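S.K.: Now for the letters of each chain:
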Amino acid sequence: MYKSNDMIRVFIVDDHPVVVEGIHSLLQYEKDIEWAGQAMSAQSCLGYFVNNTANIVLMDINLPDINGVELCKTLKEKYPGIFILGLSTYNQGLYIKKMMENGASGYILKNSSKDELLKAIHAVHEGGIYFSGEVGEALQQYQQSSEVAVPALSRREKQVLELIAEGYTNPEIAGKLFVSQYTVDSHRKNLTAKLKVKNTAMLIRFAIQHKLI
Amino acid sequence: MAVFERSLDMIDTSIKELRRVAHNMMPEMLAKFGLNEALKDYCNNVTATKLLVVKYQSFGMENRPGNSVEIIIYRIIQELLNNVLKHARATETLVQLVKEGSRLSILVEDNGKGFNTSLLENSKGAGWTNIRSRVAYLKGRLDINSEPNKGTTITVEFNV
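Protein chains in written order, with the working numbering: chain W, 1 to 213; chain A, 214 to 373.
Keep in mind that the hints were calculated from the coordinates and are not lab data. Do not rely on the hints blindly, as some may be mistaken.
Listed below are the simulated PhoX-like cross-link pairs for lysine-lysine, each with C-alpha atoms no more than 25 Å apart in a straight line [to be verified]: (1) A:Lys245 - W:Lys97; (2) W:Lys110 - A:Lys245; (3) A:Lys268 - W:Lys73; (4) W:Lys189 - A:Lys363; (5) W:Lys158 - A:Lys245; (6) W:Lys114 - W:Lys97; (7) A:Lys299 - W:Lys78.
Not the full set, but computed from the structure, chain W residues with beta-carbon under 10 Å of chain A [what the hints assert, rightly or not]: (8) Asn67; (9) Val69; (10) Glu157; (11) Thr183; (12) Ser186; (13) Arg205.
The structure displayed is predicted, hence computed values, not measured ones. Built from N, CA and C at the ideal position, the CB exists for glycine as well.
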């Protein structure tokens, strides 16, 4: 059997009593889990940890005073030994990413099963990282879509760039593309800003080097 | 039992729908994390519907342009993407923000069926009216370019 110091002390911060009660009742018969306590707000959670401790904190994102993303950062900075498991209804890549950046060890959704919750608690307690299935997908999708190496050129920018490379002036390009000179100039400025070049010569060189035209 | 499960399914669907509507009404992402992250997230969410692949890229957006401008830009882009979803029959759309000094440029470009831009001048649709008034409020310049079967490029440029 487990000795008391082998018990995983679990604390929860969530402003919904039903969620807190629900998770408490899910965990109360687990032999290796001890209920450390609960808080309804970020402040009372921070207050608890002044004189107490826990191994794992289940943390809601949407708290009434400070949001979970901030609380996660504060708690982890003060007590690096506590593992934080994000617990929320949000299945959005950005929240998950922010939680992880701020030191969380995992993230599960409130529609997870009891088995999944236990799996997450154990994985995180052993120093691992845990995401429930849907969360993993959202995070992956978020990272894929937010990483672009060489900036993508819009169709219009490409047309402008090709005409610049062919030696046409802004008014000529405007005439060819049926847009105002102002628009051509705007695309041109965007191109130099995006590709981090200083002038037209560098712009064309960059475009050729990277096979943009 | 089947009825019970179906009811649960329906509740699930309603919750998702409600969340989607609420998300559109009050982009809390915007307040919490700023325009850049909020737009990235919005574009990801549209892509996740599998109706349209929206690529988002931004340059020079490290500093936030300020709350009141951010919400206007967000709404303009939201409206433009709505138009793409509703009318363009596009498969891909590029959303781009470039900030260079005080100049901020927005580009939304799709690969859809295009339309006759001269018809827009008399358009009384709420969508375009909203876009126009927001651009006017920013003292910006709106440029609409469309080629049949190639797509539409909308650019908005203004000083922040």
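S.K.: Against each hint, give a clear statement of whether it holds in the structure.
M.R.: Results of checking the hints against the structure:
In summary, the hint linking lysine 245 of chain A to lysine 97 of chain W is supported, as the alpha carbons are separated by about 14 Å, within the 25 Å threshold. For the given pair, lysine 110 of chain W sits about 22 Å from lysine 245 of chain A by alpha-carbon distance, which is consistent with the 25 Å threshold. Restraint check: the Cα-Cα separation between lysine 268 of chain A and lysine 73 of chain W comes to about 30 Å, which exceeds 25 Å; the hinted pair is violated. At most 25 Å may separate the alpha-carbon atoms for a hinted pair to count; lysine 189 of chain W and lysine 363 of chain A meet this at roughly 24 Å.
Between lysine 158 of chain W and lysine 245 of chain A, the direct Cα distance comes to roughly 35 Å. Violation of the 25 Å bound is thereby established for this hinted pair. Restraint check: the Cα-Cα separation between lysine 114 of chain W and lysine 97 of chain W comes to about 24 Å, which is no more than 25 Å; the hinted pair holds. Distance restraint check for lysine 299 of chain A and lysine 78 of chain W: the Cα-Cα separation of roughly 50 Å exceeds the 25 Å cut-off, and the hinted pair is therefore not satisfied. Given hint, asparagine 67 of chain W at the interface with chain A, holds; its Cβ is 7 Å from that chain's nearest Cβ, closer than 10 Å.
Because the smallest distance between the Cβ of valine 69 of chain W and any Cβ of chain A comes to about 8 Å, under 10 Å, the interface hint for this residue holds. This hint holds: glutamate 157 of chain W has a C-beta 8 Å from the nearest C-beta of chain A, less than the 10 Å allowed. Look at threonine 183 of chain W: its Cβ gets to within about 5 Å of chain A, closer than 10 Å, so that hint holds up. Taking 10 Å as the C-beta contact cut-off toward chain A, the hint placing serine 186 of chain W at the interface holds, the least distance being around 5 Å.
Residue-level restraint check for arginine 205 of chain W is violated (minimum Cβ-Cβ distance to chain A is 19 Å; threshold 10 Å).
Figure legend: structure checked against the earlier numbered hints; hints not met, in rising order: 3, 5, 7, 13.
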